[in-house]
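Enquirer: The lines below spell out each chain.
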Amino acid sequence: MSTGLLRRLLPTLILCSAPLWSQPAAPVISEETKACLDCHATFQPGVVEDWRHSLHAATTPTLGMSKPALERRISATEVPEELRNVVIGCYECHSRNTAAHRDAFDHFGYTINVVVSPNDCATCHITEREQYAPSKKAHALDNLEKNPLYHTLVHYLTSQKKVEGSKLVQQPASETAIGGACYACHGTKVEVLALHTVSTAAGDVEVPLLTNWPNQGVGRVNPDGSQGACTSCHPRHSFSIEVARKPHTCSQCHLQPDVPAWDVYVESKHGNIMMSKEREYTWDRVPWLVGRDFRVPTCASCHNSLLATPDGNVIAERSHDFGSRLWVRIFGLPYAHPQPKDGATHVIRNADGQPLPTTFANIPASSFLIDAGEQAQRRETMANVCRSCHSTDWTLQHFAALDTAVVETNAMTLAATQVLGEGWKLKMADPKNPFDESLEHDWMKQWIFYANSTRYGYAMMGQDYAAFKNGWWDLNLNLQKMHETVRKAKSPPTKR
Amino acid sequence: MSTGLLRRLLPTLILCSAPLWSQPAAPVISEETKACLDCHATFQPGVVEDWRHSLHAATTPTLGMSKPALERRISATEVPEELRNVVIGCYECHSRNTAAHRDAFDHFGYTINVVVSPNDCATCHITEREQYAPSKKAHALDNLEKNPLYHTLVHYLTSQKKVEGSKLVQQPASETAIGGACYACHGTKVEVLALHTVSTAAGDVEVPLLTNWPNQGVGRVNPDGSQGACTSCHPRHSFSIEVARKPHTCSQCHLQPDVPAWDVYVESKHGNIMMSKEREYTWDRVPWLVGRDFRVPTCASCHNSLLATPDGNVIAERSHDFGSRLWVRIFGLPYAHPQPKDGATHVIRNADGQPLPTTFANIPASSFLIDAGEQAQRRETMANVCRSCHSTDWTLQHFAALDTAVVETNAMTLAATQVLGEGWKLKMADPKNPFDESLEHDWMKQWIFYANSTRYGYAMMGQDYAAFKNGWWDLNLNLQKMHETVRKAKSPPTKR
Amino acid sequence: MSTGLLRRLLPTLILCSAPLWSQPAAPVISEETKACLDCHATFQPGVVEDWRHSLHAATTPTLGMSKPALERRISATEVPEELRNVVIGCYECHSRNTAAHRDAFDHFGYTINVVVSPNDCATCHITEREQYAPSKKAHALDNLEKNPLYHTLVHYLTSQKKVEGSKLVQQPASETAIGGACYACHGTKVEVLALHTVSTAAGDVEVPLLTNWPNQGVGRVNPDGSQGACTSCHPRHSFSIEVARKPHTCSQCHLQPDVPAWDVYVESKHGNIMMSKEREYTWDRVPWLVGRDFRVPTCASCHNSLLATPDGNVIAERSHDFGSRLWVRIFGLPYAHPQPKDGATHVIRNADGQPLPTTFANIPASSFLIDAGEQAQRRETMANVCRSCHSTDWTLQHFAALDTAVVETNAMTLAATQVLGEGWKLKMADPKNPFDESLEHDWMKQWIFYANSTRYGYAMMGQDYAAFKNGWWDLNLNLQKMHETVRKAKSPPTKR
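Chains as they are written, first to last, in our numbering: chain A, 1 to 496; chain B, 1 to 496; chain C, 1 to 496.
Please keep in mind that the hints were generated in silico from the structure rather than gathered at the bench.
Every value quoted in this text rests on a predicted model; they were computed, and no experiment measured them.
Among the clues, some could well be false.
Which copy is meant is left open, so a pair is good if it fits within one copy or across any two.
Heads up, simulated DSBU-like pairs for lysine-lysine below, C-alpha to C-alpha not over 35 Å straight-line [claimed, not checked]:
hint	residue 1	residue 2
1	Lys34	Lys162
2	Lys490	Lys162
3	Lys481	Lys189
4	Lys488	Lys269
5	Lys162	Lys269
6	Lys269	Lys136
7	Lys34	Lys167
8	Lys488	Lys425
9	Lys425	Lys146
10	Lys34	Lys490
11	Lys488	Lys34
12	Lys34	Lys425
13	Lys490	Lys432
14	Lys67	Lys432
15	Lys162	Lys432
16	Lys146	Lys269
17	Lys34	Lys136
18	Lys269	Lys167
19	Lys162	Lys341
20	Lys341	Lys189
21	Lys269	Lys481
22	Lys189	Lys269
23	Lys425	Lys269
Take the sequences, apply the hints, and build the full model.
Expert: Written as structure tokens, this is what we have:
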């Protein structure tokens with residue numbers, strides 16, 4: 001290169017290089033994590049490579065905390081000294097708070113925990129943990145186990161039956177049966193039984209024997225006593241924001257026939273466009289820019305992500321309490337009702353003393369549910385999200401249709417409940433356990449499947465779920481069937 | 001750059017630049033649309049960015065009309081002066097034909113319509129609108145509302161029932177219930193009630209209050225009297241040909257249990273390859289080149305797109321009458337039958353005077369249905385599409401299998417109809433409303449779900465829908481159940 | 001270019017070009033295949049372009065055989081002279097073994113076969129064919145046709161019924177009905193009836209008339225007597241390893257309600273991540289590197305692909321016997337049982353003389369099933385796959401949960417079988433054909449749908465299939481319904 005040319009280019013070269021020499025040191029891997037990787041890269045390449053592709057492997061808390069407030073993915077403003085300037089590797093997560101962890105054990109000289117819990121993640125992600133802790137998700141296990149009615153239901157449904165003479169006799173449900181069905185989503189209670197020895201490719205190692213493990217349910221009770229599993233939505237070991245934002249994550253649990261959120265979404269116009277265009281979108285920017293990064297919402301966009309306009313105005317704040325933008329709980333128990341004030345719903349008692357948010361006659365247990373003011377505020381938060389693409393009027397009318405659907409589907413559940421009541425009077429079924437006879441099963445389908453699906457269909461415009469697929473069609477066919485069954489019991493057929 | 005170098009490069013530079021100075025002026029945005037964008041880019045960034053990513057934002061009618069005939073995406077040969085050399089923005093679409101629009105209103109000094117209708121799109125896409133107007137899709141609302149039998153069915157299915165004494169009493173179905181279920185796909189009647197004021201981020205604005213809105217059903221009746229919604233398949237505001245060509249669009253309405261086109265497709269080998277390889281395909285070329293652009297068809301490829309060979313020979317003309325390549329209507333009412341001559345099927349009367357294309361004994365209302373010659377011609381049009389990948393013999397035999405499936409599934413519907421007839425004779429149900437009692441519900445399932453699914457399974461080779469998933473399995477199990485129910489009514493059980 | 005510049009660049013030019021002159025000759029297309037392409041590129045551009053995008057069109061057997069052992073996609077060590085240095089085009093495959101092919105015919109002077117069979121593919125892929133031949137898949141047609149019980153079931157399910165008086169009379173099932181339903185997956189018997197003439201765009205041509213064609217079922221009996229269709233999973237005419245590795249291929253047959261492998265997978269965390277991240281993965285490397293190429297498994301990863309660590313250590317050998325890593329057959333007939341020793345399961349006879357792997361009382365036909373040692377070995381092979389991402393303990397506990405689920409779901413099938421037995425005693429149904437009455441239908445659902453789904457749910461952690469979607473919910477509701485039906489038959493209701 002001639003001296004003249006160099007002289008002319010010099011200012012440009014300096015400008016371009018400047019960021020290089022003012023940049024902090026390249027992220028380093030801690031010695032402890034290097035020791036982990038030494039073995040696990042050989043024996044578990046899948047998990048190690050998954051981590052290597054993650055942001056955790058590419059940045060440090062110091063770098064994360066240096067971002068502008070709106071762009072931060074880390075809510076702590078201070079982290080322990082030893083974490084600040086290393087990437088977040090195996091040891092950084094698995095060695096947190098070992099004193100609180102019943103699953104802490106010595107592994108080749110390092111004390112580590114098997115289960116990384118929300119309390120551990122809170123080291124850097126404190127706000128997220130604080131939002132999550134009081135939510136319905138965090139209490140998802142409690143809310144089944146500690147509610148006597150739901151407890152009965154869970155244990156009836158997952159129990160084997162034996163034929164003894166002309167009777168079906170219920171056996172106690174096993175932890176495995178419950179853990180792979182209901183509690184796979186709701187979370188199990190993971191406890192440490194003992195240390196035991198397992199043979200591995202690296203020789204025999206002693207590890208804690210955990211109960212009800214593996215599990216990634218949202219309300220998992222961890223060996224440190226915390227509730228929840230961040231890996232429910234940010235799967236190990238990439239902990240990807242992209243995966244959590246895509247609807248396939250929610251589809252692990254929120255699917256038909258009981259909570260058909262995924263099914264309704266993917267059928268809707270939103271879902272259509274997402275499936276058709278997702279590869280053109282930016283899935284990992286923070287904040288997530290409506291229009292710029294994505295042009296159709298996913299579950300996360302509407303329900304919890306930090307959304308902003310392309311010029312940086314906040315549309316909705318991030319929340320890890322996934323009900324915080326919802327005013328009505330369309331998942332009826334047995335009726336749709338205002339969202340509960342607190343995520344620990346097992347404390348609710350309705351006017352009839354039942355642990356349900358509404359009575360069988362649909363009187364809401366209002367003192368446990370959010371009031372009209374709070375409902376209006378949440379409705380407005382959600383409307384604000386809708387209005388980043390839709391007009392004010394469009395949004396108002398869409399919400400009004402959902403209001404109507406709630407009233408009408410509740411009426412269809414009430415009718416089924418009245419028919420069941422007549423059946424109980426006729427001794428066609430025994431109300432002692434309201435979940436274990438065929439007429440009761442039809443009644444349950446009316447609300448768990450059909451009324452719920454119909455409401456999801458209206459809420460997210462997935463029309464088949466409001467119609468032929470567990471929608472109005474089924475609400476009416478099922479009710480008619482129950483009605484004819486009870487009518488026949490009153491007047492049994494005679495030979496014609 | 002030295003003079004010598006410049007002299008040597010000059011011819012190349014001229015060659016490269018030539019297109020630049022012979023090119024028409026860069027597309028411009030109209031002043032009116034700029035005014036729209038000024039506010040809406042702030043308040044509705046999603047919709048504005050969606051449009052910015054569209055072809056509408058990047059080209060003008062003049063550019064569109066200058067393309068070779070086969071490559072044109074715009075069928076008009078003349079468009080209004082003011083549209084010719086501007087991109088197609090907010091104002092260009094929302095200000096069409098305001099005199100005909102009951103939903104026209106003054107918005108900050110501009111007269112605009114809320115609902116852009118097929119008549120408005122026809123300004124540039126006239127052929128598409130003319131093909132669509134007489135199709136079954138355009139009449140999808142009429143065909144339910146004006147057919148007394150279907151009207152009864154729609155209103156029965158979406159109505160609440162009240163328990164009064166030992167009776168279930170049908171309440172009138174609300175417009176909301178119908179609009180979010182049946183008419184979400186079929187389209188609603190959108191009318192203007194009044195102007196009303198809504199509070200927006202930009203202050204109070206007065207807008208028309210529309211009935212049965214929002215809706216994007218294919219047979220929507222618009223405030224200008226037109227029928228249809230181009231946005232059913234080309235969603236706002238990108239109006240993408242890519243989205244319309246991908247099967248997720250059709251899946252919004254054509255899905256199980258009643259019309260499982262999407263479900264069958266995605267299970268088929270076609271669907272498998274599409275899901276596995278779609279990112280390697282070209283989704284927006286016109287004409288769409290078989291083999292070059294895609295190597296497995298979607299719904300659009302077979303049913304309506306303009307297809308050509310890589311060297312430009314037309315395989316199939318574009319049509320926006322989506323039944324135009326179909327000879328048999330496999331969606332049985334209650335039997336599969338030749339396609340209707342006209343999309344307005346509500347005028348059909350069968351030999352028994354019913355508004356159905358076949359009688360309950362499966363006699364087709366032939367004068368309303370296409371004849372053998374027309375059937376043969378459409379069959380050949382479709383065969384031509386198949387043969388761009390499959391052999392002549394393969395295609396013949398595949399079609400022959402479908403013919404057999406039509407005959408056999410119709411026979412299974414006939415058997416169910418005969419059993420129902422016996423039930424009616426025994427007064428097990430009242431034929432006055434043939435849709436509201438359990439035996440009738442089973443009969444309906446036989447044709448709406450099981451016979452239809454089975455036929456879709458054969459038509460598009462999605463075998464599970466011909467077998468265990470609403471297929472032959474269900475045809476037989478349901479028929480047997482109906483048979484046993486009627487048999488029991490004749491000879492009620494006695495104690496054994 | 002100046003001489004000085006040339007002199008300086010020369011070493012680089014030589015370095016870059018070196019591979020060019022040491023490379024084998026560029027792949028050539030045989031004269032015969034060129035003749036095929038001459039016509040078919042015009043008349044069937046889809047299939048020709050599909051092939052042009054394939055590896056078959058880009059490489060030769062000689063090149064394929066020159067790869068390091070682990071990277072080879074071709075298992076033959078010698079191929080016929082005429083194939084060695086040409087790409088694998090139309091003629092190379094369609095002209096194999098014509099003497100054995102009843103479907104060989106003269107086509108414009110070339111003798112070709114319509115159906116390319118596994119024996120033809122074996123020319124280059126001999127090991128794959130040898131692994132496949134004794135597998136359950138290869139015998140999928142035989143195992144239905146030659147098993148008298150399954151034969152009865154298949155023919156009952158796909159047969160039309162006629163109403164004669166008060167009876168439902170079974171008609172013989174047509175080959176079309178069976179071929180588009182059960183045998184679409186299992187495979188048909190393809191035979192040559194005659195030569196017949198078809199009109200094509202290229203004029204009249206004489207081609208073999210095949211029975212039960214088209215079909216790509218896994219156990220297809222071909223006109224050369226071989227069993228199977230490589231195109232079941234490697235679809236024509238790209239024969240892509242990518243497509244076969246993606247789960248959409250398996251989803252063509254392995255889906256709910258009977259074998260919900262795809263449905264369970266896509267709901268699981270594995271499926272979630274695959275759907276979210278698949279475009280970042282490498283789908284066609286051989287061997288397939290865990291962590292490097294993919295970070296979440298598909299069906300193929302766990303069940304048959306050659307897997308290696310990023311540094312080239314084999315994790316699992318490739319097998320085209322898809323059951324070879326499985327110890328238990330969770331598809332119960334009617335009970336889950338150890339995998340059969342041989343893929344030809346129609347020879348099995350249980351202790352009661354039935355052609356079933358277990359008796360109705362769940363006594364396994366052990367002499368036909370793999371023993372404990374073989375089970376342990378296969379379990380270890382699969383565990384080795386799991387452990388490339390999961391810990392030893394995680395894997396052990398996951399397998400233990402599956403063991404429990406097998407025991408418990410078998411118990412639920414046993415209870416249903418006992419209730420059915422009581423029904424048979426009460427003459428509520430006739431055990432002669434155990435598949436044709438409603439009480440028997442309920443019993444069948446208990447094992448084909450509900451017990452199977454539940455086990456798939458536990459095996460691959462798709463919790464809804466263990467719970468509300470054909471899982472424990474249905475196991476219990478269905479059993480209760482059967483129980484109440486039989487109880488009512490014993491004590492018919494009287495007027496209350």
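Enquirer: So which of those numbered hints doesn't the model satisfy?
Expert: 1, 4, 7, 10, 11, 12, 14, 17, 18, 23
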